[in-house]
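Chains as they are written, first to last, in our numbering: chain A, 760 to 1212; chain W, 760 to 1212.
Hints are computed from structural coordinates only; laboratory data are not their basis.
Hints may be right or wrong, so weigh each one.
[Claimed, not checked] Here are the computed distance ranges between Cβ atoms for each label pair: (1) W:Ser892 to A:Gly783: 22 to 28 Å; (2) A:Val1143 to W:Val1143: 53 to 59 Å; (3) A:Asn1113 to W:Gln787: 16 to 22 Å; (4) A:Asn1003 to W:Ser1112: 32 to 38 Å; (5) W:Asp931 to A:Glu888: 34 to 40 Å; (6) W:Ser1112 to A:Gln787: 30 to 36 Å; (7) A:Leu879 to W:Asp931: 33 to 39 Å; (8) A:Val1143 to W:Ser892: 31 to 37 Å; (9) A:Ala870 to W:Gln972: 38 to 44 Å; (10) W:Pro1148 to A:Leu1043: 46 to 52 Å; (11) W:Arg790 to A:Thr854: 46 to 52 Å.
[To be verified] Negatives, chain A to chain W, calculated, CB over 10 Å: (12) Asp820; (13) Gly846; (14) Ile849; (15) Glu912; (16) Leu929; (17) Lys942; (18) Gly943; (19) Gln989; (20) Leu1026; (21) Ala1049; (22) Ala1080.
Note that the coordinates shown come from a computational prediction; the quantities given were computed from them, not determined experimentally.
For every residue, glycine included, the Cβ atom is placed at its ideal position computed from N, Cα and C.
Protein chains: 2
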Amino acid sequence: MSLPATSIADNTRLEDLRRVLEQGAVRQAARMLNALQPAEIAHLLESLPHKERELLWNLVDAEYDGEVLAYLHDDVREQLIALMDAGELIAAIGTLDTDDLADLIQDLPLAITREVVKSLDQQRRDRLEKALSYPEDSAGGLMNSDTVTVRPEMTLDVVIRYLRRLKDGLPDITDNLIVVDRKGRYLGVLYLTDLLTHDPEDSVAEAMTLDVQAIPATWSAREVATRFEQHDLVTAPVVDEEGNLLGRITVDDVMDVIREEADHQFLGQAGLSETEDMFAPVILSARRRALWLGINLLTAFLAAWVIGRFEDTIQQIVALAVLMPVVASMGGIAGTQTLTLAIRGLALGQLTSNNSRWLLMKELAVAAINSVIWALVVALIAWVWFRDPQIALVIGAAISINLLAAALAGALLPLALERFGIDPALAGGVILTTVTDVVGFLAFLGLATLFLL
Amino acid sequence: MSLPATSIADNTRLEDLRRVLEQGAVRQAARMLNALQPAEIAHLLESLPHKERELLWNLVDAEYDGEVLAYLHDDVREQLIALMDAGELIAAIGTLDTDDLADLIQDLPLAITREVVKSLDQQRRDRLEKALSYPEDSAGGLMNSDTVTVRPEMTLDVVIRYLRRLKDGLPDITDNLIVVDRKGRYLGVLYLTDLLTHDPEDSVAEAMTLDVQAIPATWSAREVATRFEQHDLVTAPVVDEEGNLLGRITVDDVMDVIREEADHQFLGQAGLSETEDMFAPVILSARRRALWLGINLLTAFLAAWVIGRFEDTIQQIVALAVLMPVVASMGGIAGTQTLTLAIRGLALGQLTSNNSRWLLMKELAVAAINSVIWALVVALIAWVWFRDPQIALVIGAAISINLLAAALAGALLPLALERFGIDPALAGGVILTTVTDVVGFLAFLGLATLFLL
């Protein structure tokens, strides 16, 4: 699944727009731009350098501003919010769904936030407060309050007539109505498909589905995503501890969760944040990157220090200096494979303390086989190269030791890190390579000192 | 978004099941197991070592076998299929949706495939053929043929009566009916929400939505996912070149696409496949890993060869051997950051040949700043450590050169690789570290040879 980006959906339309802009046909560009979906506009803005981005942002119809902001990653969003005055901002986000509003409002200057909250009617204010009372990446943070509820004793006929009277129709992405009792406690869902296919005289109780369990507002976004994926849900009701209906989560927000978690996992390894703007200001990027480079510099100097302990050995056998990076890098590669597999297992919830022993055993077995193979290969090459059987033996042994250490570290690190509340996707790689570098240099130069001098 | 795996949804239920199994209460385990969703059973099977997996597989009700197989990754699926005889297989998958069947049938032994095809009625056979005529990761491969179509001239009243007569109701995940003309050409969709809220006397033409564009069957899975994400779709119609309705794609399959692509990107960097079974047989895993280790060994020896050209230099200044890994690793880290950002930009379709120049310029600017900072830091440490200002100058210069080379390689590699049809997520990392190792050692040892001897 890796085709040229140029074949991404709508890409051509975005390219056309860019071309029109470059020709300076601003009016036409504005028309084309505002014909796009808010998400597409957001996508286009994110793929533009800052100047172009701001230029284009000014062409977006005010009525779309709010939704577009809701789709943007934090970095880009902050840049564009900074361009808007209080009035524009309030007009833009005042109309958003509660979940988007709750998500957005946390990026606003306090003064604006107060203004926005003031501009909301009591009901929306209550909903916003409710949404803000849950962390952003929890079920409560993901939920929206646009639920349409019915009672079990109503007949489907009554329900249909009730729906016809709804002035602004049903909310987008509605596959079911939520059935609650008098006290507002969640009972089940009535799928529109059942509403349409059952006898109108039937009661909601007869046509409703009971096996859609409501999601507790305290669940993490990741748990919500797993539930949606495994139960093929389109929407799911959210409840509090007492089972009272709080709102609902829709699949479009869940797709965003899956995408963000994937970004976090992928970018995290390189010490980047999923909110990273590809075209962030140079200074900002430089500062962020510097932190990561600094951390890695420490590990690099730790490795150098290890080598330093063996200066005399290297002095006498320079071949060691030539070969030592091979030992370290082979360990790093093998360890990364195990680490990657384990991190993904954790993310999918398929690796737990219960089966981690199995994974460890398996990875050690794999490492054992590969350590033999590659010890021989590397030893042979070293022998041919430096015509010295002893160096060949030493590097072979060092490779074996490092591959086993790599498997051990790769399999155990993720679980250990998580137990300490450290994100393996972020810290795993650095620690692993520290281990494989240190063990690699130590084993190779240590053995050489013992047997070759 | 990185919480302990133990809090993954349903995890506790899976743990309970495991415990019951360990106590040997097979009957009870079977009951618990078959109470789960097929996707949950698949998830559980994938998180078990082979023996337990096969044991559990035998407890799954035959009626669920097909669906569970459809949810499994290829490796695990092949293992379990190997345990089933022709009869079981045919019974299991005969009932699957066309898209799942098409996906599964490609993993079956030819003899079985023939049997299965024979067991299908003409209509399903035609649908299967149609599905198989498109690549697995295309819109045609993702689509299902369970469409419910209506004509524009029908009144909503007639439509509702027609739906009530459908013997097995509407298919799962139906948010709209597809409107086609007499020739079966796609015209638009009629959302169930509109069907329910409009006047029953209205015609479909009056209530239907025209702005849901049909997806061409030739679109890639990635394009489909982008469309679903940007248009917040639940289902989308699929058409051929002439605009004839072929089938529809549902959001549950799209979530799988996003998940698989993320896995591919994440595992690919480590030379692993997204079909990788965490508990694959040791020999199989060892063979797969060996390939990756072999490729990386070449690059490691290339770096070693570069160092080898400077044996005399190292002989005279052993400090160089101690410090050279620092130069290489700093380059590797910085380059990986740029590479990761670029690969993700490509995957999201936000990095194209149009704005790649911008990214390159920005990354070079960031590298320029960091190269100055870290050249100074490293030089200072080296000076303090080896009390030699010249070595400090040389390593500082080498760091700067390597960080710039890293940015250049990291920004240009992905686009270049894709132009040659090579998957950057797979090959990018290896090539990048080769560059940063070679440039790092060459710059450091080369400058040392020129100025320190």
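How the hints compare with the structure:
Evaluation of the 22 to 28 Å hint for Ser892 of chain W and Gly783 of chain A yields a failure: the beta carbon distance comes to about 46 Å. In this structure the supplied range 53 to 59 Å is violated for Val1143 of chain A paired with Val1143 of chain W, their Cβ-Cβ distance being about 40 Å. Distance hint check: the CB atoms of Asn1113 of chain A and Gln787 of chain W are about 18 Å apart, consistent with the given range 16 to 22 Å. The beta-carbon spacing between Asn1003 of chain A and Ser1112 of chain W, approximately 54 Å, falls outside the hinted interval of 32 to 38 Å.
Distance hint check for Asp931 of chain W and Glu888 of chain A: the Cβ-Cβ separation is about 36 Å, which falls inside the suggested range of 34 to 40 Å. As the Cβ distance of Ser1112 of chain W to Gln787 of chain A is approximately 23 Å, the hint placing it in 30 to 36 Å is violated. In this structure the hint that Leu879 of chain A and Asp931 of chain W lie 33 to 39 Å apart at CB holds, the actual value being about 37 Å. Separated by about 53 Å at the C-beta atoms, Val1143 of chain A and Ser892 of chain W break the suggested range of 31 to 37 Å.
Between Ala870 of chain A and Gln972 of chain W, the C-beta spacing of about 42 Å keeps the proposed range 38 to 44 Å intact. The hint said 46 to 52 Å for the Cβ distance between Pro1148 of chain W and Leu1043 of chain A, and at roughly 34 Å that hint is violated. Taking 46 to 52 Å as the suggested C-beta distance range, the pair Arg790 of chain W and Thr854 of chain A conforms, at roughly 50 Å. No Cβ of chain W approaches the Cβ of Asp820 of chain A within 10 Å, the least distance being about 17 Å, so the stated non-interface status holds.
A cut-off of 10 Å between C-beta atoms confirms that Gly846 of chain A is not in contact with chain W; the least separation is 28 Å. Residue placement check: Ile849 of chain A keeps its beta carbon more than 10 Å from all beta carbons of chain W (closest about 25 Å). The non-interface label for Glu912 of chain A is consistent with chain W: the shortest C-beta to C-beta separation is roughly 20 Å, beyond 10 Å. In this structure Leu929 of chain A is not separated from chain W by more than 10 Å, as the shortest Cβ-Cβ distance comes to only about 4 Å.
With a minimum CB-CB distance of about 27 Å to chain W, Lys942 of chain A clears the 10 Å threshold, and the non-interface call stands. Residue-level check passed: Gly943 of chain A sits 23 Å from the nearest beta carbon of chain W, beyond 10 Å. Not every C-beta of chain W lies more than 10 Å from that of Gln989 of chain A, the closest at about 4 Å, which undercuts listing it as non-interface. Separation of Leu1026 of chain A from chain W is inadequate, the least Cβ-Cβ distance of about 6 Å not exceeding the 10 Å criterion.
Not every Cβ of chain W is farther than 10 Å from the Cβ of Ala1049 of chain A; the closest lies at roughly 6 Å, contradicting the non-interface assignment. Interface exclusion of Ala1080 of chain A from chain W breaks down, the closest Cβ pair being 4 Å apart, not more than 10 Å.
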